[in-house]
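K.L.:
Chains as they are written, first to last, in the numbering used here: chain W, 1 to 360; chain Y, 1 to 360.
The hints are simulated quantities; they were obtained by calculation from the structure and are not laboratory data.
One or more hints might be untrue.
One copy or two, either will do: identical chains are not told apart, so a pair holds if it fits within one copy or between any two.
[Unchecked claim] In silico DSS-like links for lysine-lysine, alpha-carbon gap of 30 Å or less:
hint : residue 1 : residue 2
1    : 184       : 102
2    : 294       : 95
3    : 308       : 295
4    : 308       : 184
5    : 216       : 308
6    : 216       : 95
7    : 346       : 102
8    : 333       : 216
9    : 102       : 31
10   : 308       : 346
11   : 102       : 308
There are 2 protein chains.
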Amino acid sequence: MTYSYQGLFEFTRRVFEGMGCSLADAELSSKVLLAADLRGIDSHGLARLLGYVRLWEVGRVNAQPQMHIVHETPSTATINADAALGLVSAPYAMKVAIEKAKMVGSGWVAIKNSNHFGIAGYHAMMALEHDMIGFALTNASPLVAPTRTTERMLGTNPIALAIPAHTEPAFVADLATTTVSNGKLEILERKQQDAPEGWVQDASGQASTDATVLRKGGALLPLGSNEQRSSYKGYCLGSIVDIMSGVLSGAGFGPWVPPFVSFLPLPQDPVGEGLGHFVGAWRIDAFRPAEDFKKSMDIWIQRFRNAKPINPDEPVLIPGDPERLAEAERMQKGIPLIAPVIGSLKEAGRKFGLNFEEVF
Amino acid sequence: MTYSYQGLFEFTRRVFEGMGCSLADAELSSKVLLAADLRGIDSHGLARLLGYVRLWEVGRVNAQPQMHIVHETPSTATINADAALGLVSAPYAMKVAIEKAKMVGSGWVAIKNSNHFGIAGYHAMMALEHDMIGFALTNASPLVAPTRTTERMLGTNPIALAIPAHTEPAFVADLATTTVSNGKLEILERKQQDAPEGWVQDASGQASTDATVLRKGGALLPLGSNEQRSSYKGYCLGSIVDIMSGVLSGAGFGPWVPPFVSFLPLPQDPVGEGLGHFVGAWRIDAFRPAEDFKKSMDIWIQRFRNAKPINPDEPVLIPGDPERLAEAERMQKGIPLIAPVIGSLKEAGRKFGLNFEEVF
């Protein structure tokens, strides 16, 4: 089934309002969450709405947070998000970073005591309209085994960077530091297909192609997939994201990051507060005139787009291309949702007396 | 053969002095170059000394550069390195970044018109003694084919990040954004061994295990190794490094990065000046008290070090462990050099009337 963006936005906004969010926060949260569905990153959008509601039900999400800066310098700040939705705290922090970049050339904000923030790319892209390069990291529930271990120590810990161009669309990188994210496994599981080699390992640390292995004590593999192909680099990148998001802000980190699912207990011996993010912005004209830079970015993008393809039917992609094409198509033709997600939306709606069907 | 650090340092310093470097620059260049040999990254140390000399001979390296800041804000700067050795320009830039971080919380410096800067980790680690997180990127000669292409568009473009801890040794990440760097292929070639699957592709873009394939029009593969295992993420990371180092500074970028080897011509239609780097530092107490952070880093490191190993004989590693162990051993027992490197050092010495053997 395919649903209009506007209808889904209305429904989602009412769910967040049902939780007690202000109208502004409910609209912002809906916009951030739906940016994932629009951009084709289905695992991070409406599929998670019920999860947020359940975290709110058990008191782990605060719908009316008093977010505040706890420490700052001209180019940095640390924010206590007061258990806000990350969908709200990360844009708030990004605004602080952008204001600091306007003043002193760059701005960096670490956020603690937060929750899952949707797609990292949304926050990084906030910098683009200011002629800035945007940057966003977050840690996440542990699902990834570092190279040589059987333990889940890291989340899929994404890195996002958005870089403006002149006439070309912006370069937008947004990547989990694992070979693949959990969402790709769920898709295979639904189709009852095996996972390609290099995505997961089993509970004993051996390579596996079982798409359900995470429920059997297995783990996602860091980008690189095995030691011979340098999975320690993916482990290293995921660790950097964890440290910048968790340790630098004073949030939980590593295996102590709070789980996204409300039925799992919080870590017994917390090392910090909630989930952590790290966002920032570099003003381009703090380095060279923005116009010059953006024209050079056009050259970069055009040259890479015209690199000789292996197969002419599979053109070279520039980071951000697939998501931008998905957004254009879905904004026009609607957002496809699978039955389990529709079911979860209905359930989320019922909690607040909303009938999902009636919205459309 | 194994040689003492001090002897190699003396020899290297005299070579750089022979090129016309000041004593201070010759000492600094030797220290940075030898940091690679000490830390076991043999491909980036003395093995490249003759290459630097040859670049100087053809006028691409300026031994007496007038490095200068061409643009700045309180937290940023752009430096024209005046064709300096990157071994000199990157530490210079890192000092600027550290001074800016002292003043406003963070400092970021883009460098254009530079040359190869040795190991990225050296520059990032300069921040550690200031209780800062150090960051270093550089672009490099194109050897890497982006996913879906047969063209060499990117260098091995490393990312380095150094993070201090309290009683534990620092977390030091320093990784090429490819599956492996060229140096690992050269080692296999010398042993006449095949490359593991996932390291390289041939001229037509097909997976290859030929360790000599780079000389036959092949290319290194981005981290991830193939599209199914998300090589586009490695391509994306390498692109970020290229843009931050090259486009933001006004240096060459992508296939226009000047080659390291002096016998290859410079790009015909340059899009910028020389090679580019990007370095920076975040002051830890710009986010939270440094002592608190460093104690949390100890917890992070200890917890990850004690993650359950797959094989008890292969302990989990923390980024920086292998290099730190190599440094301790080589500082004590000497640095092993293979015959081709010794030959290249003798040749470099002869250009300045230095007899390599006599130094020892």
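K.L.:
Each hint should be assessed against the structure and marked as holding or not.
P.N.:
Hint-by-hint comparison with the structure:
{"no.": "1", "hint": "184 - 102", "result": "neither (39 Å within a copy, 44 Å between copies)"}
{"no.": "2", "hint": "294 - 95", "result": "both (22 Å within a copy, 28 Å between copies)"}
{"no.": "3", "hint": "308 - 295", "result": "within (22 Å within a copy, 50 Å between copies)"}
{"no.": "4", "hint": "308 - 184", "result": "both (29 Å within a copy, 26 Å between copies)"}
{"no.": "5", "hint": "216 - 308", "result": "between (43 Å within a copy, 17 Å between copies)"}
{"no.": "6", "hint": "216 - 95", "result": "neither (41 Å within a copy, 50 Å between copies)"}
{"no.": "7", "hint": "346 - 102", "result": "neither (43 Å within a copy, 53 Å between copies)"}
{"no.": "8", "hint": "333 - 216", "result": "neither (39 Å within a copy, 47 Å between copies)"}
{"no.": "9", "hint": "102 - 31", "result": "within (25 Å within a copy, 38 Å between copies)"}
{"no.": "10", "hint": "308 - 346", "result": "neither (48 Å within a copy, 41 Å between copies)"}
{"no.": "11", "hint": "102 - 308", "result": "neither (40 Å within a copy, 46 Å between copies)"}
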